[in-house]
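Let's have the full structure, built from the sequences with the hints guiding it.
To convert, count from 1 in the sequence shown and add 4; that's my numbering.
Warning: the hint list may mix true and false statements.
Said to hold, decoys possible - With a Cα cut of at most 30 Å, we get these calculated DSS-like pairs of lysine-lysine:
{"hint": "1", "residue 1": "339", "residue 2": "210"}
{"hint": "2", "residue 1": "394", "residue 2": "352"}
{"hint": "3", "residue 1": "83", "residue 2": "210"}
{"hint": "4", "residue 1": "359", "residue 2": "394"}
{"hint": "5", "residue 1": "397", "residue 2": "328"}
{"hint": "6", "residue 1": "220", "residue 2": "324"}
{"hint": "7", "residue 1": "171", "residue 2": "328"}
{"hint": "8", "residue 1": "220", "residue 2": "359"}
{"hint": "9", "residue 1": "192", "residue 2": "156"}
{"hint": "10", "residue 1": "214", "residue 2": "189"}
Source of the hints: derived by calculation from the structure; they are not laboratory data.
Model, not experiment: these values are computed from the prediction.
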Amino acid sequence: MQQSVKLFQVGSTPAPRTVEVDEESMKNSKLPISTNVRRWLDSRGGDYTHQVHNPEDFLRFDLTEGICWFQDKVQDWMKEMPISSVIHYPNSSRFDQQELLAEWLQIRPEHVAIGNGSDELIDILAQLFLEPGDEVVTIAPSFFRFTEASMKAGAVVRQVMLSSDSKFEWTPEAITNLLKNVRRKSVKVVWLASPNNPTGVNIPNKVLKKVISSGKIIILDKVLNGFTKELRESAKLVFNHENVIVLSGFSKTYGLPGLRLGFAISSPEISEVIRTWRLPFSSPAITLFLMERLMRSLVDQSIQIPDGDGFLQQRLWLEKEIRKIPAISLASNSKTNLLLLNSKPKIKLFEELMKRKVLATNMDDVAGISGMGLVRIAVRTQGENKKLIKVLKEIGGSV
Numbered sequence: 005m006q007q008s009v010k011l012f013q014v015g016s017t018p019a020p021r022t023v024e025v026d027e028e029s030m031k032n033s034k035l036p037i038s039t040n041v042r043r044w045l046d047s048r049g050g051d052y053t054h055q056v057h058n059p060e061d062f063l064r065f066d067l068t069e070g071i072c073w074f075q076d077k078v079q080d081w082m083k084e085m086p087i088s089s090v091i092h093y094p095n096s097s098r099f100d101q102q103e104l105l106a107e108w109l110q111i112r113p114e115h116v117a118i119g120n121g122s123d124e125l126i127d128i129l130a131q132l133f134l135e136p137g138d139e140v141v142t143i144a145p146s147f148f149r150f151t152e153a154s155m156k157a158g159a160v161v162r163q164v165m166l167s168s169d170s171k172f173e174w175t176p177e178a179i180t181n182l183l184k185n186v187r188r189k190s191v192k193v194v195w196l197a198s199p200n201n202p203t204g205v206n207i208p209n210k211v212l213k214k215v216i217s218s219g220k221i222i223i224l225d226k227v228l229n230g231f232t233k234e235l236r237e238s239a240k241l242v243f244n245h246e247n248v249i250v251l252s253g254f255s256k257t258y259g260l261p262g263l264r265l266g267f268a269i270s271s272p273e274i275s276e277v278i279r280t281w282r283l284p285f286s287s288p289a290i291t292l293f294l295m296e297r298l299m300r301s302l303v304d305q306s307i308q309i310p311d312g313d314g315f316l317q318q319r320l321w322l323e324k325e326i327r328k329i330p331a332i333s334l335a336s337n338s339k340t341n342l343l344l345l346n347s348k349p350k351i352k353l354f355e356e357l358m359k360r361k362v363l364a365t366n367m368d369d370v371a372g373i374s375g376m377g378l379v380r381i382a383v384r385t386q387g388e389n390k391k392l393i394k395v396l397k398e399i400g401g402s403v
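If you want it as structure tokens, here you go:
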């Protein structure tokens, strides 16, 4: 007997796509794992975080890690780290870090909840707002963790498809499909990323306002654009709409993914529930110590945030050079530090990059672009970007 876990794709493919789960295999397994967990394990897809076992051996462009421009300061902070950060449990209240984060964002502390990266917060929010059988809406392609967390909670995922023909921009048809699905009575949560991952395309403000006006829980991921100005503007959405939750962190724009620093901006009631629900020691004391140093430096402006022009120039340079390569093209019009690449069918771009010790992100299992051979790369330093272009020209320059 087979059971189905539904993952609806709306827009270009209105029919439900089902992932088959073999009940006999579940019955025969020796592990006493719940049926819901087994369904999730058998239906999950698109997780591209562990593509090779030795990523340190490659020139890395795979996880859209930002570039940390204040590495010397981080090194100094690590030298100051007390032994208590290791031999004692961390302070589970995280109150000092919460207040500093709020001061930096120019909001009240009760609007902030800290997480072990935005990943932990995505899981928590799905658990807080979703019951088995509830529906959520997201777009495809988008960040796989939205779907993954929702399915863990037993929800039905409705994906509004964006078209590669329009470079995954928000066409009138896509907007209509999104709003139609958001208004469904059974939909409880809407997941959106702006800029979107992996396309780098922003959701238009007029579309976002219409989605927010639905009254559903709107979770807006701003991880790919987490500088102060943009976050303060996004925080205004929270103050005016209690149904909006904004997520961000320090992995992308600040280049500190190893610290696992994420935060949510929401109503005081939601923030309090998040803080109460999460595990008391999920943020290591080492991370909290470094976060406090980072926050103090941002507040007193001893760390000067770049205006973004350097990042923009590197992305524009990469785009210009890629357009010169006959067999490789840009699959979307990214507005952030990632690029989505397409190649002629006979080129297996991810594999060809791997052969040359360059690690990109294979998008072949991501909903909305599965099987299209697309590859995502991060915008890195000028030296790294030049090495990447040299390799891309070797692969696609003469085809």
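Right, here's what the structure says about each hint:
1. 339 x 210: Holds, at about 18 Å.
2. 394 x 352: Holds - the C-alpha atoms of residue 352 and residue 394 are around 17 Å apart, at most 30 Å.
3. 83 x 210: 48 Å, violated
4. 359 x 394: Roughly 14 Å separates the two Cα atoms, so the pair holds.
5. 397 x 328: The hint holds at about 9 Å.
6. 220 x 324: 41 Å, violated
7. 171 x 328: The given pair, whose Cα atoms are some 19 Å apart, holds under the 30 Å limit.
8. 220 x 359: With Cα atoms ~46 Å apart, residue 220 and residue 359 exceed 30 Å; violated.
9. 192 x 156: Measuring from Cα to Cα gives roughly 15 Å; hence the hint holds.
10. 214 x 189: Measuring from Cα to Cα gives roughly 16 Å; hence the hint holds.
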